[in-house]
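**Student:** Residue 39 in UniProt numbering is what sits at position 39 of the sequence shown, and the numbering runs on without skipping anything.
It is possible that part of the hints are untrue.
So the derived label-pair ranges between C-beta atoms look like this [said to hold, decoys possible]:
no., residue 1, residue 2, range
1, M77, D9, 34 to 40 Å
2, V96, P117, 19 to 25 Å
3, G118, A2, 25 to 31 Å
4, T18, G79, 29 to 35 Å
What the hints contain is simulated information worked out from the structure, not anything from laboratory work. Here a beta-carbon is modelled for each residue, glycine too, at the ideal position from N, C-alpha and C.
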Amino acid sequence: MAYDVELADRIRDVLETTDDLDVPSEVVEKQMFGGLGFLVGGHMAVAAGSRGDLMMRVDPDRAGALLAERHVEPMVMGGRPAEGWLRVAAEGCLEVDDLRRWVDVGLERVRQLPPKPGKG
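Using the sequences provided together with the hints, build the complete structure.
**Tutor:** Laid out in structure tokens, this is it:
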């Protein structure tokens, strides 16, 4: 199943207006996990899923608090929750401020990680 093109466009808009991020040189788009991932430093920060849902990378120490929020659930891969990943249902991403908040959570996490070799 293909990713949600409208959500991917909305994520691009958010990334392009993120003050401390140079989109052309720092962000790479890559199809993965059935969605379109947005990578920074070689690490996927967020991805547009196929049902308008957003996958995001999170600090595992923050996952519990984030899971308590509406529309947030564990990201399940291969039948098991993926540590450090959460899914936000489409309803939790409808407003631009909500989408920006979740994209910022993903960006915050990947900025804590060392860049992958050859990825800046």
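**Student:** Taking the hints in turn, state whether each one holds.
**Tutor:** Tested hints:
no. : hint                    : in the structure
1   : M77 to D9: 34 to 40 Å   : 25 Å, violated
2   : V96 to P117: 19 to 25 Å : 35 Å, violated
3   : G118 to A2: 25 to 31 Å  : 29 Å, holds
4   : T18 to G79: 29 to 35 Å  : 34 Å, holds
Hints 1 and 2, counting from the list given before, are not met by this structure.
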